[in-house]
Every structure is written in C-alpha cells, then in structure tokens.
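Asker: Got chain A sorted already, so can you dock chain B onto it with the hints?
These protein sequences, in sequence, are chains A and B. Position 201 of the first sequence, counting from 1, maps to 200 under numbering that gives the first Met the number 0, and the rest follow consecutively. Position 50 of the second sequence, counting from 1, maps to 49 under numbering that gives the first Met the number 0, and the rest follow consecutively.
Everything labelled a hint here was simulated from the structure, so no lab data went into it. Predicted model, so just to flag it, every value in this text is computed and none were measured. Any given hint could turn out to be false.
Straight line, CA to CA, 20 Å or less: simulated EDC-like cross-link-like pairs of lysine to aspartate or glutamate [said to hold, decoys possible]:
no., chain 1, residue 1, chain 2, residue 2
1, A, K121, B, E217
2, B, K121, A, E217
3, A, K200, A, D144
Just the calculated beta-carbon pair ranges, DEER-fashion [to be verified]:
no., chain 1, residue 1, chain 2, residue 2, range
4, B, E186, A, G141, 27 to 35 Å
5, A, G188, B, Y224, 28 to 36 Å
6, B, L140, A, E245, 33 to 41 Å
7, A, G141, B, E216, 15 to 23 Å
8, B, D75, A, A195, 33 to 41 Å
9, B, S120, A, R223, 27 to 35 Å
10, A, A50, B, A60, 24 to 32 Å
11, A, H109, B, A101, 25 to 33 Å
12, A, H109, B, D183, 42 to 50 Å
13, A, R147, B, A33, 26 to 34 Å
14, A, A50, B, T253, 20 to 28 Å
15, B, E216, A, A110, 26 to 34 Å
In this text, a Cβ means the ideal position worked out from N, Cα and C, and glycines have one as well.
2 protein chains.
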Amino acid sequence: MPKRSRTVFFVSDGTGITAEMLGHSLLTQFEGIAFTQVVVPFVDTPEKVDACLRRVAEARAASAARPIVFCTLVDDAVRAALRQADALVLDFFEGFISPLEAEFSIRSSHAVGRSHGVAHSKEYQHRIEAVNFALAHDDGLGSQDLARSDVILVGVSRSGKTPTCLYMALQFGIKAANYPLTPDDFERGELPGAVAPHLGKLFGLTISPERLSEIREERRPGSRYARLDNCRYEVDAAETLMRRHEIPALGSTTLSIEEIATRILQAVRLERRVY
Amino acid sequence: MPKRSRTVFFVSDGTGITAEMLGHSLLTQFEGIAFTQVVVPFVDTPEKVDACLRRVAEARAASAARPIVFCTLVDDAVRAALRQADALVLDFFEGFISPLEAEFSIRSSHAVGRSHGVAHSKEYQHRIEAVNFALAHDDGLGSQDLARSDVILVGVSRSGKTPTCLYMALQFGIKAANYPLTPDDFERGELPGAVAPHLGKLFGLTISPERLSEIREERRPGSRYARLDNCRYEVDAAETLMRRHEIPALGSTTLSIEEIATRILQAVRLERRVY
Numbered sequence: 000m001p002k003r004s005r006t007v008f009f010v011s012d013g014t015g016i017t018a019e020m021l022g023h024s025l026l027t028q029f030e031g032i033a034f035t036q037v038v039v040p041f042v043d044t045p046e047k048v049d050a051c052l053r054r055v056a057e058a059r060a061a062s063a064a065r066p067i068v069f070c071t072l073v074d075d076a077v078r079a080a081l082r083q084a085d086a087l088v089l090d091f092f093e094g095f096i097s098p099l100e101a102e103f104s105i106r107s108s109h110a111v112g113r114s115h116g117v118a119h120s121k122e123y124q125h126r127i128e129a130v131n132f133a134l135a136h137d138d139g140l141g142s143q144d145l146a147r148s149d150v151i152l153v154g155v156s157r158s159g160k161t162p163t164c165l166y167m168a169l170q171f172g173i174k175a176a177n178y179p180l181t182p183d184d185f186e187r188g189e190l191p192g193a194v195a196p197h198l199g200k201l202f203g204l205t206i207s208p209e210r211l212s213e214i215r216e217e218r219r220p221g222s223r224y225a226r227l228d229n230c231r232y233e234v235d236a237a238e239t240l241m242r243r244h245e246i247p248a249l250g251s252t253t254l255s256i257e258e259i260a261t262r263i264l265q266a267v268r269l270e271r272r273v274y
Numbered sequence: 000m001p002k003r004s005r006t007v008f009f010v011s012d013g014t015g016i017t018a019e020m021l022g023h024s025l026l027t028q029f030e031g032i033a034f035t036q037v038v039v040p041f042v043d044t045p046e047k048v049d050a051c052l053r054r055v056a057e058a059r060a061a062s063a064a065r066p067i068v069f070c071t072l073v074d075d076a077v078r079a080a081l082r083q084a085d086a087l088v089l090d091f092f093e094g095f096i097s098p099l100e101a102e103f104s105i106r107s108s109h110a111v112g113r114s115h116g117v118a119h120s121k122e123y124q125h126r127i128e129a130v131n132f133a134l135a136h137d138d139g140l141g142s143q144d145l146a147r148s149d150v151i152l153v154g155v156s157r158s159g160k161t162p163t164c165l166y167m168a169l170q171f172g173i174k175a176a177n178y179p180l181t182p183d184d185f186e187r188g189e190l191p192g193a194v195a196p197h198l199g200k201l202f203g204l205t206i207s208p209e210r211l212s213e214i215r216e217e218r219r220p221g222s223r224y225a226r227l228d229n230c231r232y233e234v235d236a237a238e239t240l241m242r243r244h245e246i247p248a249l250g251s252t253t254l255s256i257e258e259i260a261t262r263i264l265q266a267v268r269l270e271r272r273v274y
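Chain A on its own, in the form it takes in the complex:
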C-alpha cells in the first residue's frame, strides 16, 4: 500500500513561522502520512486571500484527500474567506482570542504583524547584540571579554557548541560564548586558561564518540581527528575535565538545537532576554 499523503498549508498574515511550528508539532503526532508542507505568509489583503485559495484548490484537485490548512489570522474577514476552502481549516487564533478578551475585559486590537519584536524594540537590540557577541566569541575567539557572557559553552570540536550559541542569541537574546576543549588541554589536564576564571559560567556539551566520529569524518575524511579511537579519547578526557570542575553538562547526541538551548537555560537558571 502506498504511503498516504496530504498537503498542508500554513497560512498567516505574518511570517507563518508560528503557524508552521504549532502545525508541525501537531502533525508529528500522526505517523504513516507523508505531508507536503506549504507556507503562505503575509496573507493580509483580499487579493492575497484569493491567491491562497487558488493554491489550496489546486492541491485539492490534485489529491484524493482534502488539504489541511493551519492558520494564524487576526482579521475575521480574512479567516472567514479562508473557511470557504475545500479543506480542513484549523485556526490557531480563533479559539483563544475570545476567552482572552473575556478574561481581560478588553477587545483585542486585531492588528496584524505584531508577533515578532520590531526592529527598534529593546528586545530586537538584545538579539542583535547577542548575535554579534556569539560571533565574536565563537570557537575561542575574543577571549578578552568573556566576563560579559551569560554562559560559556565548552566541549570538544564539533560537539554542537556554535549552532547552540547562535540559536540562544537569536531566540532568547542570551550572550553565549563557546570555547573548545582540545588535546592540548587534555594533556595538561586543565581547563583552557581563558575560561578557567569564569568557572561559574561554564556549561559543557558532550556527544557520543560514534556520532562525533561521523560528524568529523564528513568534515575531514580519513583524518586522525575523525577516527573513532581519537574521538573516544577526546570525549572521555573532556567529560573527565567537566566532572572534576563540576561543570554542568549535557549530551547533545539525540537532542535538537532547541532542546539543547532550552535545557542550558534551565540548568544555569538564565532568564530569556527576549520573548
């Protein structure tokens, strides 16, 4: 039997990122269906609604099963128009705005495009500063002002430090530096001199030697750097250093970037600077 398939639209008057994230979380609860996903952002005029309806109708015509439409739409008229589609339309705002209006005893503004921090806001500036900080303190660069960091990730090369730092900067406005633990450090049996004074800010990322070897092999095929026995040695030595200095640590092997970043925030009791 061929795998069942469905086309899924994420329709929004904004970027569609929120609709897509929530819709995606829901879809992952259903196994055995192949979803074709289409994001339709900035649907905020009757013309764009019509164009969107045409795309949904085309998908409907091309498939035995009707499409799913997830939407985050502030405007009631736009939402009503979309409801005309021959599709299962699920709106993520509709059911929640009314109870919130009742709770706050005020009408919602029904203003479009407010979900992400705008360019001039303080939150936006936190994010940009945090990105600049992460870039200036990536992989052991710029160790002179590590004291300004909120957290310093340490771990062997390719344990996931850089993407995690960038994600924490963009999503949470957290100033995250990262510093590699290298064979030099393991021979000395000591933390790198640059990070040792900031013990309270250190957080360790670790990874299974097998996975590390795979990742390094893609980068430098056939190298000693990528060899499994070397990865075993490095991971073991790094974990020993972390334990000895009581650095909180997390295995990144089976976690998403979002999960790693969230667990670090929780572990070091950092507050997001951005919501």
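Answerer: Same frame as chain A, but now just chain B:
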C-alpha cells in the same frame, strides 16, 4: 491608574518555544497590560506538573488577577492536572488533535517531544550545514564557493545581513552568504567582483540612513563611518547599484529578523529545507 499586569506561563512537555511563540502572538493583540512571562519547559512527569502548579499558585497569590497559562501538552493526564490551577488555562493542542484524528481516521501517537528535528535527521543536518555555510561566508569571507549558496545578501555594513543569514540557516536550513557593499564598490560604481558572477542569487538589504547612523554610532562613536551624511551617501549608492543590476531588495528598518527572512524566501522563491 497603574498599568494592569498579568503573569503568563508557557507550559510544555517540550521546549515551550512553540507555546511561547503562539501565546506571545496572542498577547500582542492586547494593549495596556504588562505581562510577566515565564516559560516552564519539559513538564512531562507528575512531579514536574506539581512543581509547575506550585509556581502558578504562587503567582496567583501574589496578584489580584489570576495568571494565564498557555500550554502545548500531548499527555491528557498532564493537561487535566494543569487544569486544576486557579488560572485561565488555554491549551494549544487540545482543540486540534481531535479534528485531525477524525480527518486522518487514525489515533495520534500522543508522543512527547517530537516537534523539532532530532539530531540525526536530514533536516537537522541541513540546519547545521547551513549554519556552517553562513559562518564561512559571513561578511565577504570565503568567496570561492559562493556558487553553493542558495542566496547571497548584499548591502552596506550594518544593514542586518548577518543575523538574517544566521536565522535563515537555523530556521529554514537555507545556505545564505552575505557580502558587504563598501565605499570602494561605490567609487568603482560596480558590484564586488566576487558576487558579480552570481547576479541571480543576489538579494539586497537596505536601511534608512538615520537608523544606520544610530547603529553604527553605537559601534564606532563619533566616527566618519557612523556620520549621518556618510550613511546617506552609502545607502544611496548601494540602492543605486541594486537598481542598476535589478537586484531585488528590501528595507530592513522596521522589520523583524523573522519578517526579513520570510520575505527574502518569498521574493527569491526559495523553498525551506526544514519545516
């Protein structure tokens, strides 16, 4: 009259990032209320539910108005427990899982923690590769393999290219390079030699000279680089170059990183590699 205030909890069995994004979009529809926001991630055991309920109860006791609890919880028992809180509890999954089960004629798996790509998935690898690409091609670095990029952002220094590229990499798995347009290019009246061969991949970011001057002033106070007349000259010259080469362009001044990234994807008709 003091501004009204409310404590808002985002509770999830996963990272809470989805609950927080959707809840935040809803809250921005209500003006005049100061929200204190608390994310409570990884609530997936009875003990963690109890701890979470205690935090909600404390917030309730400390305020005249009951808290708001947004949640994305897969487990019915966990959700039922949370409903006991003296709070307005709004669950983002509850109303949607049932219609989807009916639509697909299958039961959902009710499995926790599936919303973000896991470490070994192809999507995850796309993201990591895209981050590495963005870092290796940031600000004119590594111009030799620009042909591998999905899009190349051009614009004056501090027009928002770097955070946008990193966001596109992390969120969409898009390989985005960025290359600065500098006074040297303006004097020659030509695009930088490294990007000229890739005209079809170029996308321009522009910015108001006033905002640019503010941003540069923070970075290099009192410099010619930051002076308003210099910013006017650079922005004008960059926009002239973009127009002459028919490079699609976008003003970043009042947009969030999410909006810029989404509009670029739309303009250059790129498909996300990651959902």
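Asker: Evaluate each hint against the coordinates.
Answerer: Each hint, compared with the structure:
1. A:K121 / B:E217: Holds. K121 of chain A to E217 of chain B sits at ~14 Å (cutoff 20 Å).
2. B:K121 / A:E217: holds (14 Å)
3. A:K200 / A:D144: holds (13 Å)
4. B:E186 / A:G141: 27 to 35 Å: Since E186 of chain B and G141 of chain A have Cβ atoms about 32 Å apart, the given range 27 to 35 Å holds.
5. A:G188 / B:Y224: 28 to 36 Å: violated (46 Å)
6. B:L140 / A:E245: 33 to 41 Å: holds (38 Å)
7. A:G141 / B:E216: 15 to 23 Å: holds (22 Å)
8. B:D75 / A:A195: 33 to 41 Å: violated (49 Å)
9. B:S120 / A:R223: 27 to 35 Å: holds (29 Å)
10. A:A50 / B:A60: 24 to 32 Å: At roughly 51 Å between Cβ atoms, A60 of chain B and A50 of chain A fall outside 24 to 32 Å, so the hint is violated.
11. A:H109 / B:A101: 25 to 33 Å: With Cβ atoms ~30 Å apart, the hint holds.
12. A:H109 / B:D183: 42 to 50 Å: holds (48 Å)
13. A:R147 / B:A33: 26 to 34 Å: holds (28 Å)
14. A:A50 / B:T253: 20 to 28 Å: holds (25 Å)
15. B:E216 / A:A110: 26 to 34 Å: For E216 of chain B and A110 of chain A the Cβ distance comes to about 31 Å; the hint holds.
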